[in-house]
Amino acid sequence: MSSTTQTTGTATTAVAPQQSSPSENYLNCSKGFLSWFFTLDHKRIGIMYLCAIFVSFALGGFFALALRTELFFPGMDFPAIGSRSPEAVYNQMFTLHGAIMVFLVIIPSIPAALGNFVLPIMLGQVDVAFPRLNLFSFHLYVIGAIFFVATLLGGGLDTGWTFYTPYSTSTDTMVITAVMGAFILGFSSIFTGINFMVTIHKMRPPGMGFFNMPLFLWGMYATAVIQVLATPVLGITLLMLAIERSVGLGIFDPALGGDPVLFQHFFWFYSHPAVYIMILPGMAVISEIISVFSRKHIFGYKFIAISSIAIALFGFFVWGHHMFTSGQSTAMSTIFSAITFSVAVPSAIKMFNWMTTMYKGEIVLKAPMVWALGFMWLFGIGGLTGLFLGTMNTDVYYHDTYFVVAHFHYVMVGGTLWAFFGGIYYWWPKITGKMYDEKPAIIGSLVALLGFNVLFFPQFFLGNMGMPRRYADYLPEFTLWHQVSTIGAYILLVGLVIVAWNLLKSLTSGRKAPANPWGGNTLEWHTSSPPPHYNFENSIPTADDPYDLDRWAWDPETQSYVHVPLTEADLAARAAHPAH
Amino acid sequence: MLTNFITHLTAGLLALQETTEELLPGQDVSPLQPGPQFFPPQASTTAAETDTVYLLIFWLCMVAFVIIVAGTGYFVWKYRARDGHKAEKTSTHDNVLEVTWTVIPTLLFGVMFWVGMKGYMGLKQAPGDAYPIQVTAQKWSWKFTYPNGAESPELHVPIGRPVKLTMTSLDVLHSLFIPAFRVKQDVVPGRYSMVWFDAKDDLIAEGKTVRLFDLFCTEYCGEQHSAMITKVHVHTDEAFAEWAEETANFIQNEPAYIAGGKQFLISGCNACHAIDDAAGTGPGLGALSQWIKDGGTVPVTVGGIAQDVPADDNYLRESILQSSAKLHVGYANQMPLFQGQLTEEQLSVLMIYIKSLADENYRAESTLSQLEGGDEGGEATPNDAESGN
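Chains as they are written, first to last, in the UniProt record's numbering: chain G, 1 to 580; chain Z, 1 to 389.
Please note that a few of the clues may not be correct.
Which residues of chain Z face chain G? A partial, calculated answer using Cβ under 7 angstroms [unchecked claim]:
{"id": "1", "residue": "65"}
{"id": "2", "residue": "68"}
{"id": "3", "residue": "291"}
Just so you know, the hints here were simulated from the structure itself, not pulled from any lab data.
Since the structure is predicted, the reported quantities are computational estimates derived from the model, not experimental observations.
Here a beta-carbon is modelled for each residue, glycine too, at the ideal position from N, C-alpha and C.
Next comes chain Z alone, as it looks inside the complex:
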């Protein structure tokens, strides 16, 4: 741990200065007006109201805090025990005082409750014409599904238009949090929860087409909870329409191994599996693809009994859909069930992609950063700094 730490002491400081970020085409990175007191920019139509309520409570608290600290501090100094000073007999109760400091806080609390409730109601009532997006969360990835059938691991939304997310989880609780929009909502398995926002229409400068914001999972969901971070892409209207059209048809329009790579990201495989030999939460897939190519075997446990099984297409298919059936030796049974989550078409491009990893040429063309459209710099989850493990 210590050596790791010392390595980081230098590497971490260097990394701080590194700000080379590969940009998306048309990405607007001009700074936005930051929110008050460390808050991120107010990027949604409701953000300003939340911040105003915050500031109201903040200043009331400051007054109260100054009364406490200045009051106690002054008394401690003025009435400090010293020669010639004695405690004075004063009244030990005073109903007028008691009522005063009961009623005034009660009234102020009433105001806080009221403004907070009004703001909350605004967060809860989505406009009827909101653009609907379906959200599926699972350990440890997000999948966003759009009305035209497009799917993406990052959230893409049109600017200046209410967007309503209808969310569910396939495994445990998650929570969707977009700080710049001041919205958060738990994502619960077995039911839908809803959150809406409207990205302010002045977020993107003239001539630019997209701006990115952070999206976090804020309900603890296991090992890679802190890597369940993705981006919100706010697009101009035309750019969004174009993106949605392209994305909906990527399996038809792209070479199978590229499409498979995109499916790999959409299904969140990269949260646990490296595409080389590196071990993560799950095994790296480079070795597996090589074994399949060479007709080798995989060390697995079946019902607790260790054995080697042939590395072939059927093993791969089964391991994607239900990994617990033949569990790779040395790994915990962490992988979600994909049975029923993937269409036959999606599964086949995914198979092609994974098998292509054995081939240097294919692999060079389909690194994850290229598949994500060149925004790897901004995309880097904190984990990537650790590649190689």
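So here's chain G without its partners, still in its complex pose:
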């Protein structure tokens, strides 16, 4: 923080951009399909990701609703399709639900959509380090998605998103197409990771050391580390699977002399860290929102920042906790269980720091904050129920039951998706230049919160009762909680429809957004909404403490926050306490 004292002088003289709103911005500076699809502008790429992710989310969500509807009663309610029995239809649907939601929605959601939009602006830059690579990432995403659609139309996939061998080498569904899709999406993810890593390393503005970065960037950085180091292992594994299927080279299939448990090791070596690719960006968004909407400097900055890196690193050594019942050795299971608990500590640290940030704050209950609070509760449940699964003998009972289904939905939906929506609402004025309508936004969030809990909390009970997952059909004693759960799914749908309607409506009838509607001090709030093509119209503001919210004061006249220059007293106080 030593550099801030030297740089704040320029910050005080920086142009207050919220008053000027240039008529030309990144949305209207050029027109036509090609100007979007082949753009090098990180903001447009982020928006295209956002649209693609929403389309994928709708498709995955449709499958989820169909599955929950089927499960309302014991017995099969799906029709047979062609030579596929109702059970086979169900199996294909849960597979595609999982694969789409993981590979096309949750993993790219925050980094690729919001990260792409926000990261370069937070760094005061014109773009990411490699704009062409960034566009290529998006095109790979589209190609990967096309492979998934081809899988869906060309005969389906029934392996589960986990592709466990030897089932995946013996089923007659479209495994190779799906695996190629995941392989390509993996490269999309790797390239985004490389881009963000290089951008953060090499393109921080003057005055922004690593420990002056907004926590969002720490989260993106930790995520990028995992994307770059773990995803290639998934690529290699899927390639080996495709080779085994196509030319019969024995790697995983015992009939060919392979080892099916080896596949699980390879798969989880990626897919467990991938859980942190999903949740770290969520935590990153929450760190921003909690501070801004509590009107408080973030508490424990360094601990939150370092805990992201700790999660990214520990996350690489816990994959075996998915395999306590797989037949791996007792010694290995013990070691993996121990390391698993170590990765729980940094998450707890973050949670306590967020809560302390709220202490004695001025808490503004607007939509981003409502989603962020929802995140804390739901991720709290998701994280705590993970403890039962890291503990060895309780995991033996819970493995592959509905308890696990409930747990990971609390983490991925209650965690990542809640943070994603929080982030969308937080940056919506910046991205679109429009304010959404506050009341329906909050109602939508609360209805979704209710629906989500009605949907997934009963699944913990089902898990306790011993209901196995991936069952097209179930014994009558499980009926009650399945029915409650299905009702919850429809409530959640209502909540999400309100959210979608609220956001879309703002595009046409929303009030024009000011540059800084929330009073955040990260650099994206120092430019107009929506930003100009090159992000900053005049001079690029110099980085300051990203959580010094006193630099902004509410102006009722313009309904926005305006910049407050530092006083001599402020400068003196800073000189006295260089590290806050």
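Following the hints, complete the assembly by docking chain Z onto the known chain G.
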């Protein structure tokens, strides 16, 4: 789908009230003390320890969860933005606090790890005198083989005695899960995995001889994964000895078509094949037996070319042992290879059974429910509600 669903809306609700369950002779159905928080009864000697660990973690989690919800809730209310209220400047870091909320969770996690590990070690170490049972899983049936050569599609165990299952799979991954015993272990092709348990000795009341528990497959294994459910029969010692003796010699002791029907269940044929004309994952066998009786033909594909082949004994034999050789038109190649799985003796009674299905009299005597010993009510896989398809 919608009409199906509406039909179920009524049928499903009615079925819920139907609790007529045909009981096995000597079956104890008196309720057992349920486990905590929706858990099934603690029916094995290790179940209580698992539940205790669960409850320990549960209460610690409750404390943490209350701190999160009450803390955030209180702050949101107390410090809500309103006229005259401003955020107060407070310290932005505090190492004592950070260390406190790092060390306390770490210690608690250490406790969880330790008790969980101890419990797990108990699940892994079978007593040396455990009764050995061999388990063979395949899509979508279980076969349990006992030391005296008896085989059964449901698991039968003696009460109050450690039982060790040595398991392998003939095709894909499966997983054996008995909720009441709190045990689960994947069943992997090409290697053995092991699980042991000891059914508590107070499960069966005086005068009764057997109690049933659910056994699930919990590793996704394809189309009928959710029907790969069977029962664990816990017998008193005498009843178990009697059952094992009877079962080992069923081919010698029973009429061939009855023995064949039992072999049909042991080999899991019923997972895919109905004994009437109904189509399932595989064709119903009623039609086939009729064609064999009448000297008819079967529509098949051989190497992708459709043709009719004579329905005779050799077709039937080949289709049991290697169904892919002449694949029945309209069905996917899903059937496991039975070549080498069946002895000549088992195959011959199976042939006799399938051919007997054409005869109404035989068929009436050898419905699957009768073969299973009258426990069809409890046995009904969810699938059976759909008979007729």
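Consistency of the hints with the structure:
Because the beta carbon of residue 65/Z sits about 6 angstroms from the nearest beta carbon in chain G, less than 7 angstroms, this interface hint is met. A least Cβ separation of about 4 angstroms between residue 68/Z and chain G falls short of the 7 angstroms threshold, and the interface hint therefore holds. A hinted interface residue such as residue 291/Z counts as satisfied when its beta carbon comes closer than 7 angstroms to some beta carbon of chain G; here the least separation is about 21 angstroms, so the hint is violated.
Taken one by one, the earlier hints fail for this structure only at number 3.
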